[in-house]
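Visitor: Residue numbers (my numbering), protein chains in the order written: chain A, 1 to 312; chain B, 313 to 561.
Honestly, the hints are just simulated from the structure, not real lab data. Bear in mind that the values here come from a model prediction, so they are computed numbers and not experimental data. Hints may be right or wrong, so weigh each one.
Stated by the list, open to error - Calculated cross-link-like contacts (lysine to any residue; reagent style SDA-like; alpha-carbon spacing at most 25 Å): (1) B/Lys-394 <-> A/Lys-232; (2) A/Lys-206 <-> A/Thr-54; (3) A/Lys-129 <-> B/Ser-557; (4) A/Lys-18 <-> B/Ser-557; (5) B/Lys-558 <-> A/Lys-129; (6) A/Lys-135 <-> B/Lys-558.
Unchecked claim - Take a look, some chain A residues computed to stay more than 10 Å from chain B by CB distance: (7) Thr-48; (8) Leu-51; (9) Asp-88; (10) Glu-100; (11) Ala-196.
Glycine residues also receive a C-beta, built at the ideal position from the N, C-alpha and C atoms.
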Amino acid sequence: MISVKNLVKSYNNVPVVKDVSFEVNKGELVGLLGPNGAGKTTIMRILTCFLNPTSGEVNINGMNIFDSPIEIKKLIGYLPEHTPQYGDMTTIEYLNFISEVRGIDKNKIKSSIDEMIKLTSLEDVVSKKISELSKGYQKRVGLASVMIHDPEILILDEPTTGLDPNQVITFRKMLRRLSEKKTVILSTHVLSEIEATCERVIIIKKGTIVANDTLQNLVNNFTDEFIEFSLKADNFTEIDKEISKLKGAWKLEFMKKDAKDIFRYKALISKDSDFDKNLKDLIKEKNWKLIDEKRNKANLEEIFLKLAGEEE
Amino acid sequence: MDKRSFFNTLAVYKKEIQNYFYSPIGYVFIVLFLFIPNILFFFFGGIFKENNATMRMYFAMLPIIYIIFIPGLTMGTWSKEKNDGTLELLFTLPLNRYEILIGKFLSTLTIVFIALIATLPIPLITHFLLGSFDIGQLISQYIGALLMASCYIAISFFISSLTKELIVSFLLSTSILALFTFIGYLAYSVKFFTQLEWIKGILTEISLSTHFLNFSKGVIDSIDLVYYIGMSILFFYLNIRVLESKRWS
C-alpha cells in the first residue's frame with residue numbers, strides 16, 4: 001500500500017506540490033490526472049525515491065522513503081516521462097542490464113527477457129540499437145524494462161504519449177490485465193486515458209488535489225450542467241459581445257452558426273446558477289429569438305475542465 | 313561490500329564499458345593516447361639522445377596528456393546521463409549511489425589501463441634497441457600512472473556531476489586539472505616560488521604531477537600513495553554529496 005501524507009515539494013522555494021495526501025491500496029489502478037505542470041511528475045519522482053520531498057511523509061508497504069529507498073525501489077517498476085534509455089545499447093543488451101541490476105537469477109534472465117519481449121511484441125527489434133527505434137518501440141522497450149522483475153507496484157508517467165492508436169489500445173489491454181495483480185499509478189493529461197483504464201482518479205491542479213474519487217462517484221456527485229442554446233439575431237458582433245458579458249456560467253463558448261442568422265452557444269453552469277434567468281432577460285431585452293435550448297448533466301470531460309482546467 | 317553490491321557494481325561497470333566501445337570514445341581515446349605521446353616521445357622526448365633505456369621522459373609527459381584525455385573520457389559520466397534523462401532511470405533502480413560511482417570509475421580506469429598497457433611495446437622495443445630495462449622501475453611507473461589516473465578521473469567525475477553541459481564539463485575539468493598539474497611545475501621553475509621554501513612545499517604537496525615524480529623514478533613512496541588515494545576518495549565523496557543533494561534540489 002502507498003500512503004502519502006501532507007507532501008510538499010518546492011524548487012527554489014517555489015512550491016510545486018502543496019500538501020498532497022492520498023492512499024493507493026494494493027491492486028488498485030489509479031490515475032493522476034492534471035494539466036501539464038500540475039505536479040504529477042514531481043509526485044511520481046518522490047514515490048520512486050528520485051527526489052526527496054521538502055516535507056511530508058511517504059510510506060510504501062510500511063517502509064519510509066527516507067529509511068529504505070533501495071527496498072522501495074525493488075518493489076517498483078518506474079517508467080519516467082519521455083522514456084529515457086541508453087540509446088547506444090540494443091534492446092536485448094538494455095533488458096539484460098536491467099535484469100542484472102534488478103537481481104534476477106542468472107538462470108532466469110533469459111526466460112524473463114523472452115517473456116517481456118513476447119508481452120510487448122519486441123521480437124523484431126531485439127538486436128537493434130534503441131536510438132534507432134521508433135518512439136512507439138522505445139516506449140515498449142521501456143515498459144518491458146519496468147516489468148521485467150515482476151514488480152508489485154508500477155508507476156508510469158504519461159505511458160501512452162508517443163504511441164499510435166493501435167498501440168494505445170494494446171497497451172490499455174495489457175495494463176488492465178496487469179492491474180489484476182499489481183498496484184498501478186499512471187499519470188496523464190489526457191482524460192480518455194483515465195476513462196479507459198482507471199478505477200479511481202486523483203485530479204491535480206497547481207500542486208493540490210482537487211478531486212480523489214472513482215469515476216462513477218465523480219460523475220454522480222457533480223451537479224453542474226451544461227446548456228446548449230441557439231439564438232436568432234441579426235448581428236453576430238453584438239450578440240457575441242452581450243452573451244460574453246452574461247454572468248453565471250463558468251465556461252461559455254460559441255460553437256457554430258446553425259444558419260446565417262442563428263448562433264449556437266454552450267455554457268457550463270453550476271446547479272444554482274442564475275445564468276438561465278440572465279439569458280432569458282437578455283433575450284427579451286434585445287428582442288432576439290431563442291430557437292432551442294438543451295440542458296444536460298456535465299460529463300467527465302467537463303468535470304475535468306472545471307476541476308483542473310485554467311479559469312477563464 | 314556484500315554480494316549484491318558487487319553484482320550491482322559489476323552490472324554498471326559492464327554497461328559503462330559497453331557504452332565506451334559502442335560510441336567512438338573508447339577507441340579514439342586509446343588510439344590517440346598511443347599515437348600522440350609516442351610521436352612526442354620519439355621526436356621530442358630524446359630517448360636516443362639520452363641513450364638510456366628508460367621511459368622516464370614518456371611518463372614525465374603523462375600528467376599533461378591526462379589533462380586533455382581524461383576529461384574527454386569522463387565529461388559525459390554524469391552530464392550525459394543528466395542530459396539524456398537516463399540519470400532518473402539509473403537512480404530509480406535499486407542501486408546505491410556508490411555502486412554506480414564505483415562501476416563508472418572502474419570502467420573509465422579500465423580504458424586508461426588498456427591504453428597504458430598498449431604503450432608496453434615502447435619499453436619492449438627500446439629494450440631490444442638500447443639494452444636492458446629496469447623492470448622494477450617500469451612496474452612502479454605503471455602503478456603510478458594508474459594511481460594518478462584515478463585521481464584525475466575522480467576530479468573530472470566530480471566536475472561532470474556539477475553540470476548538464478558536456479562542453480562545460482570538459483573545459484572546466486581540463487582547466488582545474490591543468491591548474492593542479494602545473495602548480496607543481498611552477499613550484500620548481502618560477503623563481504618567486506623556488507625562493508620561498510614553504511610555498512614551494514605546499515605547491516609541491518598539492519600538485520597532481522609532483523607526486524608522480526617518485527613513481528617515474530621507480531620509487532613507491534607511501535606519501536604519494538596516500539596523496540593519490542586520498543584525493544580520489546575526497547572527490548568521490550564530494551561527487552556522492554553532489555548527487556545526493558540533487559534529490560533535495
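Visitor: If you draw a straight line from the CA of A/Lys-206 to the CA of A/Thr-54, is it 25 Å or shorter?
Guide: Answer holds: A/Lys-206 to A/Thr-54 is near 16 Å, not above 25 Å.
Visitor: Check the hint pairing B/Lys-558 with A/Lys-129 against an upper bound of 25 Å on the C-alpha distance.
Guide: 30 Å, violated
Visitor: Is the Cβ of A/Leu-51 more than 10 Å away from each Cβ in chain B?
Guide: Check fails; 6 Å does not lie beyond 10 Å.
Visitor: For the pair we were handed, A/Lys-18 and B/Ser-557, check the Cα-Cα distance against 25 Å.
Guide: Satisfied, since the Cα-Cα distance of roughly 21 Å is no more than 25 Å.
Visitor: If I take the minimum Cβ distance from A/Thr-48 to any residue of chain B, is it greater than 10 Å?
Guide: At about 5 Å from chain B, A/Thr-48 fails to clear the 10 Å cut-off, so the statement is violated.
Visitor: Beyond 10 Å from every Cβ of chain B: is that where the Cβ of A/Ala-196 lies?
Guide: The claim holds: A/Ala-196 sits with its nearest Cβ about 26 Å from chain B, beyond 10 Å.
Visitor: Would the pair A/Lys-129 and B/Ser-557 pass a check requiring their Cα atoms to be no farther apart than 25 Å?
Guide: Measuring from Cα to Cα gives roughly 33 Å; hence the hint is violated.
Visitor: Hey, B/Lys-394 versus A/Lys-232, does the alpha-carbon distance stay inside 25 Å?
Guide: Roughly 59 Å separates the two Cα atoms, so the pair is violated.
Visitor: Below or equal to 25 Å on CA atoms is what counts here, so check A/Lys-135 against B/Lys-558.
Guide: 28 Å, violated
Visitor: For A/Asp-88, is the shortest CB-to-CB distance to chain B above 10 Å, so the non-interface label stands?
Guide: 4 Å, violated
Visitor: A/Glu-100 clear of chain B by more than 10 Å, beta carbon to beta carbon?
Guide: 4 Å, violated
The structure does not agree with the numbered hints 1, 3, 5, 6, 7, 8, 9, 10 stated previously, though it agrees with the rest.
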